[in-house]
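Taken in sequence, the protein lines are chains E and P. Numbering follows the working numbering, with no gaps: position 92 of the first sequence is 431. Numbering follows the working numbering, with no gaps: position 4 of the second sequence is 904.
Be aware that a few hints might be false.
Unchecked claim - With a cut-off of at most 25 Å between alpha-carbon atoms, the simulated PhoX-like pairs for lysine-lysine come out as follows:
id: 1; chain 1: E; residue 1: K354; chain 2: E; residue 2: K548
id: 2; chain 1: P; residue 1: K1091; chain 2: E; residue 2: K397
id: 3; chain 1: P; residue 1: K1037; chain 2: E; residue 2: K397
id: 4; chain 1: P; residue 1: K1082; chain 2: E; residue 2: K397
id: 5; chain 1: P; residue 1: K1033; chain 2: P; residue 2: K1082
id: 6; chain 1: E; residue 1: K354; chain 2: P; residue 2: K1037
id: 7; chain 1: P; residue 1: K1033; chain 2: E; residue 2: K397
id: 8; chain 1: P; residue 1: K1082; chain 2: P; residue 2: K1037
id: 9; chain 1: E; residue 1: K354; chain 2: P; residue 2: K1082
As the list claims (entries may be wrong) - Computed Cβ-Cβ distance ranges for the label pairs, DEER-style:
id: 10; chain 1: E; residue 1: L562; chain 2: P; residue 2: S974; range: 36 to 46 Å
id: 11; chain 1: E; residue 1: G554; chain 2: P; residue 2: L1088; range: 37 to 47 Å
id: 12; chain 1: E; residue 1: S367; chain 2: P; residue 2: Y1076; range: 22 to 32 Å
Said to hold, decoys possible - Chain E regions said to be covered by chain P (calculated; three or more residues, Cβ under 8 Å):
id: 13; stretch: 351-364
id: 14; stretch: 387-395
id: 15; stretch: 401-411
These aren't lab readings, by the way, just hints derived from the structure by calculation. Quick reminder that beta carbons are idealized off the backbone N, C-alpha and C, glycines included.
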Amino acid sequence: MSHSDDKSTSHATEKLLPWYANGTLTESERREVDDHVAACPDCRRELEYLSGLSATLKQAFAGEQMPMLRIRSSVMAQVRADRERLPAASPAGSNGGFGSAVEQWFRNLFAPRWVPAVVAGLLLGQLTLLLWTAGHQTPAGTNEVTTRGLRGESVLVAVVFQDSAPEVRIRSAIRTLRGRIVDGPTPDGRYTIEVPATLAVNLDDQLVKLREQPGLVRLAERLSQ
Amino acid sequence: MNPTHQHTGTLEGELVSRAGTGDTRAFEELYQLYEQRVYHYICTLVRDATLAEEVLGDVMLAVWRGAQHFAHQSRVSTWIFGIARHKAFDALRRTGRHEQHAVALDEAPDLPCRQDSPIEQIHREQLGVVARKALAKLSGEHQEVLRLVFYEELPYEEIARLLDIPENTVKTRVFYAKQQLKRHLDRLIAKETVL
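Isolated chain E (complex conformation) (with noise of 0.2 Å):
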């Protein structure tokens, strides 16, 4: 790659940097900015930056003036009254004439005298399948089926930030783990994190990746295998 191409990546990424703040990137592209942050001092400034101002406009933007409560008053007012005028039970558009006619014809054809017998056959149908599986199934321990998801098996990780590193940041790497904070932060900074045996499949690499970024992290290590 040319530097001019590494100078146009890397203005590409910068500009990503308020919807990382935000936390609305989508996960290819949140990979492609903590990639990139990790490697670029000044999108880890900038991210520092936006930390804080994301911060001060929200203080700004909550501070300011409440509408008038008369101007909710009077929409609450005409929402009941149009809510009064539409008859009970009565959709919009079948006050009769041609287009109640027409309404009428597609209702007949979309709903026919003949569906509710097809739907009780169908709870008939399912009622036998279920008393026959009942009275089929094997012995317990042999064949255990399961719900996914309910084993709840997991892996834990102790994350140490450090004391400078931004909140976005921090919230992108435990977001990374696609794991739970089940404990933290602890006075020395520690989170405990929880993540499912069936996403921690790549989970040792991932604790490397966020061990080469010294400026984030002071300490990423698993607590169970």
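Fit chain P to the supplied structure of chain E, relying on the hints for placement.
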């Protein structure tokens, strides 16, 4: 680590669906969630608090009447802000006001943040005041995109759809809006420090 708006998109979607069936309570809940946000968004566009209130009423009625047609293919916020944008520009055309005085954002009262210590709260409030002054110096377009990114926390695709501009234009606009804001913030902070 908390998002700006605590409610979930699913809840908002349900409220719109229920409002679409004529549930006035659901609509009132939706109104309360969006009232302030939509009002300030309109203020950014029309730069007149009184006109913004008038437009707010029109927008919320349009939301009520259009709820049954909302296709749930975008965020509820994008849909509502889209209506607000359309109504705001209509109002500007109707009243012949295209360039108005900036809304007196720096006179707006501050809301205390409950989690702060008193000193942090004062610091935050000062920053908030300075930020409002800096924002007021930006163009309407720049204020709008900064609000949509940092306060409404919309993805760039949704902002592009809302503003009806290409995604790259959104990114570039935010890039320059941020630069302008930084310049004004730096100047204002330097001025306040000297005083």
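Structure-based check of all given hints:
1. K354(E) x K548(E): Distance of about 24 Å is within 25 Å: holds.
2. K1091(P) x K397(E): Judged against 25 Å, a Cα distance of about 23 Å means the pair holds.
3. K1037(P) x K397(E): Given pair K1037(P), K397(E) holds - Cα atoms ~17 Å apart, limit 25 Å.
4. K1082(P) x K397(E): Cα-Cα ~15 Å, so holds.
5. K1033(P) x K1082(P): Judged against 25 Å, a Cα distance of about 12 Å means the pair holds.
6. K354(E) x K1037(P): Status holds; Cα separation ~23 Å.
7. K1033(P) x K397(E): holds (14 Å)
8. K1082(P) x K1037(P): holds (11 Å)
9. K354(E) x K1082(P): holds (16 Å)
10. L562(E) x S974(P): 36 to 46 Å: holds (42 Å)
11. G554(E) x L1088(P): 37 to 47 Å: With Cβ atoms ~30 Å apart, the hint is violated.
12. S367(E) x Y1076(P): 22 to 32 Å: Given about 26 Å between the Cβ atoms, the range holds.
13. 351-364: holds (count 10)
14. 387-395: Satisfied; 5 residues make the cut.
15. 401-411: Answer holds; 9 residues pass the 8 Å Cβ test.
In the structure shown, a violation is registered for the earlier hint numbered 11 alone.
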